[in-house]
Amino acid sequence: MQVAEIGRILKADVDEIWKMKTTRNPDEIREEYRWFRALQDTDHIRSLKEKRMELKEKERNKWRNQDEDG
1 MQVAEIGRIL KADVDEIWKM KTTRNPDEIR EEYRWFRALQ DTDHIRSLKE KRMELKEKER
61 NKWRNQDEDG
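Residue numbers for the sequence shown follow the UniProt record's numbering, so the first one is 1 and each next one is one higher.
FYI, nobody ran anything at the bench for these hints, they're computed from the structure.
All of these numbers come straight from a predicted model, not from anything done at the bench.
Don't be surprised by glycine CBs; every beta carbon is placed ideally from N, CA and C.
A couple of the hints might just be wrong.
[Claimed, not checked] No more than 25 Å apart at the CA atoms, straight line, and that leaves these computed lysine-lysine pairs for PhoX-like:
#	residue 1	residue 2
1	62	49
2	21	11
3	62	51
[Said to hold, decoys possible] Distance windows between CB atoms, simulated:
#	residue 1	residue 2	range
4	31	8	55 to 61 Å
5	68	35	47 to 53 Å
6	38	16	26 to 32 Å
7	8	43	24 to 30 Å
8	67	34	41 to 47 Å
9	62	21	56 to 62 Å
10	27	7	31 to 37 Å
11	18	56	29 to 35 Å
12	7	36	42 to 48 Å
13	24	49	30 to 36 Å
14	42	9	44 to 50 Å
Construct the complete structure from the given sequences, taking the supplied hints into account.
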């Protein structure tokens, strides 16, 4: 009788833990593109943004100089 009771308690504990593990974690990353985005080097992204801003600034200056000449 005690073995069956301990077995039921153990089964209930295992079921509870399993239920907790199967609930969806809102912070869990499931989509592949989000994994890659999370793993990207932030310095690399920052340098790309800086390069983009420099190019935009050069283009603006080029257009401003053309407007002043014309």
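Status of each hint after checking the structure:
Distance check on the hinted pair: residue 62 and residue 49 sit about 20 Å apart at the alpha-carbon level, within 25 Å; holds. Of the supplied pair hints, the one linking residue 21 and residue 11 holds, its CA atoms being roughly 15 Å apart against a limit of 25 Å. Using a Cα cut-off of 25 Å, the hinted pair residue 62 and residue 51 holds, with the two alpha carbons roughly 16 Å apart. At roughly 40 Å, the beta carbons of residue 31 and residue 8 sit outside the given window of 55 to 61 Å.
A hinted range of 47 to 53 Å holds for the C-beta pair residue 68 and residue 35, which are about 49 Å apart. The hinted range of 26 to 32 Å is satisfied by residue 38 and residue 16, whose Cβ atoms lie roughly 30 Å apart. Here the CB-CB span from residue 8 to residue 43 is close to 55 Å, at odds with the stated 24 to 30 Å. Remark: the range hint 41 to 47 Å for residue 67 to residue 34 is upheld by a beta-carbon distance near 43 Å.
The beta-carbon spacing between residue 62 and residue 21, approximately 58 Å, falls within the hinted interval of 56 to 62 Å. With their beta carbons about 35 Å apart, residue 27 and residue 7 fall inside the hinted range of 31 to 37 Å. Under the hint 29 to 35 Å, the C-beta atoms of residue 18 and residue 56, about 53 Å apart, miss the expected range. Under the hint 42 to 48 Å, the C-beta atoms of residue 7 and residue 36, about 45 Å apart, fit the expected range.
For residue 24 and residue 49, the Cβ-Cβ distance of about 33 Å falls inside the hinted range of 30 to 36 Å, so the restraint holds. Between residue 42 and residue 9 the beta carbon distance is about 48 Å. The supplied range of 44 to 50 Å therefore holds.
The structure is inconsistent with the numbered hints 4, 7, 11, although it conforms to all the rest.
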